[in-house]
Amino acid sequence: ETGVTQTPRHLVMGMTNKKSLKCEQHLGHNAMYWYKQSAKKPLELMFVYNFKEQTENNSVPSRFSPECPNSSHLFLHLHTLQPEDSALYLCASSHFLSGGGAYEQYFGPGTRLTVT
Amino acid sequence: KQEVTQIPAALSVPEGENLVLNCSFTDSAIYNLQWFRQDPGKGLTSLLLIQSSQREQTSGRLNASLDKSSGRSTLYIAASQPGDSATYLCAAQRRSGGSNYKLTFGKGTLLTVNP
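Residue numbers (my numbering), protein chains in the order written: chain Y, 45 to 160; chain C, 31 to 145.
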């Protein structure tokens, strides 16, 4: 596997289900991101992890719970979602230096989530 | 708060035409600007990244320019091909606090190149 991979690619879940999205990066990066892409809206940053530590939560509802066990893996745990949460969820990774610097982000193919 | 606007929202051109996609951003204190391509239902593919100290970047038939002071970037596609049909997104990256850098995206330009 190369680049950034995401599983599953498609997910349909009911409002009472619990599911998880998985992201893995094979680029040697140490920062990972979750984005949400809804129809007719710009991509929205949800969470940022640098060196496995969550450094940004962009006012995301608690029904979305991220987990970053190591710098290569990122999960998004989902529970009691709403139909308006249906969207394409994209994972990205980049280099990160604690001293600063903005680096190019590389994206995975996304998980198309439908909440019924 | 950074806002990124892309014009036009959609563009349809015949094959072989040269075209320009526009991106504007409200906060000029950016570190870089990235152009991405997104095919329907797919993830983003990075096309070009321009650092704030640069004026342009080129890759094959693509050329991106950046005018930080006026808050504008353009993506020029030469000799367009049907395979160029996709949504093109621009994103401005700036510091969001501490050591974090945040990408703010535009809504994209949907390009259709007709054979």
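Everything labelled a hint here was simulated from the structure, so no lab data went into it.
Do not take every clue at face value.
Cut-off 30 Å, straight-line C-alpha distance, at most; resulting in silico cross-link-like pairs (DSBU-like, lysine-lysine) [said to hold, decoys possible]:
(1) Y/K84 x C/K137
(2) Y/K80 x Y/K62
(3) C/K137 x Y/K80
(4) Y/K85 x Y/K62
(5) C/K31 x Y/K84
(6) Y/K63 x C/K98
(7) C/K132 x C/K31
(8) C/K132 x Y/K80
(9) Y/K80 x C/K98
(10) C/K132 x Y/K84
(11) C/K72 x Y/K62
(12) C/K137 x C/K31
(13) Y/K85 x C/K132
(14) C/K72 x Y/K84
(15) C/K137 x C/K98
(16) C/K72 x Y/K66
(17) C/K72 x C/K132
(18) Y/K62 x C/K31
(19) Y/K85 x Y/K66
(20) C/K137 x Y/K63
(21) C/K98 x Y/K66
(22) C/K31 x Y/K80
(23) C/K137 x Y/K66
(24) C/K132 x Y/K63
(25) Y/K85 x C/K98
(26) Y/K80 x Y/K63
(27) C/K98 x C/K31
(28) Y/K84 x Y/K62
(29) C/K132 x Y/K66
(30) Y/K85 x C/K72
(31) Y/K62 x C/K98
(32) Y/K84 x Y/K63
(33) Y/K80 x Y/K66
(34) C/K31 x Y/K63
(35) C/K132 x C/K98
(36) Y/K63 x Y/K85
Per the computed footprint, the stretches of chain C lying under chain Y, defined by three or more beta-carbons under 8 Å from a beta-carbon of chain Y, are [unchecked claim]:
(37) 42-55
(38) 91-105
We put the CB at the ideal spot given by N, CA and C, even for glycine.
So, going through the hints one by one against the coordinates:
1. For the given pair, Y/K84 sits about 7 Å from C/K137 by alpha-carbon distance, which is consistent with the 30 Å threshold.
2. With a C-alpha separation of about 18 Å, the suggested pairing of Y/K80 with Y/K62 holds against the 30 Å cut-off.
3. In summary, the hint linking C/K137 to Y/K80 is supported, as the alpha carbons are separated by about 13 Å, within the 30 Å threshold.
4. For a cut-off of 30 Å, the pair hint linking Y/K85 to Y/K62 stands: about 26 Å separates their Cα positions.
5. For the hint linking C/K31 to Y/K84, the alpha-carbon distance of about 20 Å falls within 30 Å, and the restraint holds.
6. Taking the CA atoms of Y/K63 and C/K98, the gap is near 43 Å; set against the 30 Å cutoff, the hint is violated.
7. For the given pair, C/K132 sits about 11 Å from C/K31 by alpha-carbon distance, which is consistent with the 30 Å threshold.
8. Between C/K132 and Y/K80 the CA atoms are separated by roughly 14 Å; this keeps the pair inside 30 Å, and the hint holds.
9. Note on Y/K80 and C/K98: the hinted pairing holds, with a Cα-Cα distance of about 27 Å set against a maximum of 30 Å.
10. The hinted pair formed by C/K132 and Y/K84 meets the criterion: a straight-line CA distance of about 21 Å does not exceed 30 Å.
11. About 24 Å separates the Cα atoms of C/K72 and Y/K62, which keeps this hinted pair within 30 Å; it holds.
12. A C-alpha spacing of about 16 Å is found between C/K137 and C/K31, which places the hinted pair at or below 30 Å, so the restraint holds.
13. Between Y/K85 and C/K132 the CA atoms are separated by roughly 17 Å; this keeps the pair inside 30 Å, and the hint holds.
14. Under the criterion of a C-alpha separation no larger than 30 Å, the hint pairing C/K72 with Y/K84 is consistent with the structure, at around 15 Å.
15. Proposed proximity of C/K137 and C/K98 is supported: the alpha carbons are some 20 Å apart, at most 30 Å.
16. The hinted pair formed by C/K72 and Y/K66 meets the criterion: a straight-line CA distance of about 16 Å does not exceed 30 Å.
17. Restraint check for C/K72 and C/K132: satisfied, since their Cα atoms lie roughly 22 Å apart, inside the 30 Å limit.
18. For a cut-off of 30 Å, the pair hint linking Y/K62 to C/K31 is broken: about 34 Å separates their Cα positions.
19. Distance hint between Y/K85 and Y/K66 is fulfilled; the C-alpha atoms sit about 23 Å from each other, no more than 30 Å.
20. This hinted pair checks out: C/K137 and Y/K63 have alpha carbons roughly 28 Å apart, not beyond 30 Å.
21. About 37 Å separates the Cα atoms of C/K98 and Y/K66, which puts this hinted pair outside 30 Å; it is violated.
22. A C-alpha spacing of about 19 Å is found between C/K31 and Y/K80, which places the hinted pair at or below 30 Å, so the restraint holds.
23. For a cut-off of 30 Å, the pair hint linking C/K137 to Y/K66 stands: about 25 Å separates their Cα positions.
24. This hinted pair checks out: C/K132 and Y/K63 have alpha carbons roughly 27 Å apart, not beyond 30 Å.
25. Taking the CA atoms of Y/K85 and C/K98, the gap is near 24 Å; set against the 30 Å cutoff, the hint holds.
26. For the proposed pair Y/K80 and Y/K63, the alpha carbon gap of about 16 Å is at most 30 Å, so the pair holds.
27. The straight-line distance between the Cα atoms of C/K98 and C/K31 is roughly 16 Å, inside the 30 Å bound, and the hint therefore holds.
28. For a cut-off of 30 Å, the pair hint linking Y/K84 to Y/K62 stands: about 27 Å separates their Cα positions.
29. Straight-line distance between C-alpha atoms of C/K132 and Y/K66 comes to about 22 Å, which keeps the hinted pair within the 30 Å bound.
30. Between the alpha carbons of Y/K85 and C/K72 the distance comes to roughly 16 Å, so the proposed pair stays at or under 30 Å and holds.
31. Our distance criterion of 30 Å between C-alpha atoms is broken by Y/K62 and C/K98, whose separation comes to about 45 Å.
32. This hinted pair checks out: Y/K84 and Y/K63 have alpha carbons roughly 25 Å apart, not beyond 30 Å.
33. Between Y/K80 and Y/K66 the CA atoms are separated by roughly 14 Å; this keeps the pair inside 30 Å, and the hint holds.
34. Distance restraint check for C/K31 and Y/K63: the Cα-Cα separation of roughly 33 Å exceeds the 30 Å cut-off, and the hinted pair is therefore not satisfied.
35. This hinted pair checks out: C/K132 and C/K98 have alpha carbons roughly 17 Å apart, not beyond 30 Å.
36. About 24 Å separates the Cα atoms of Y/K63 and Y/K85, which keeps this hinted pair within 30 Å; it holds.
37. Three residues within the 8 Å Cβ limit are the bar, and the stretch 42-55 of chain C against chain Y gives 0, so the coverage statement is violated.
38. Coverage of the stretch 91-105 of chain C by chain Y is violated in this model, with 0 residues showing a Cβ closer than 8 Å to a Cβ of that chain against a need of three.
Of the hints listed earlier, those the structure fails to meet are numbers 6, 18, 21, 31, 34, 37, 38, in rising order.
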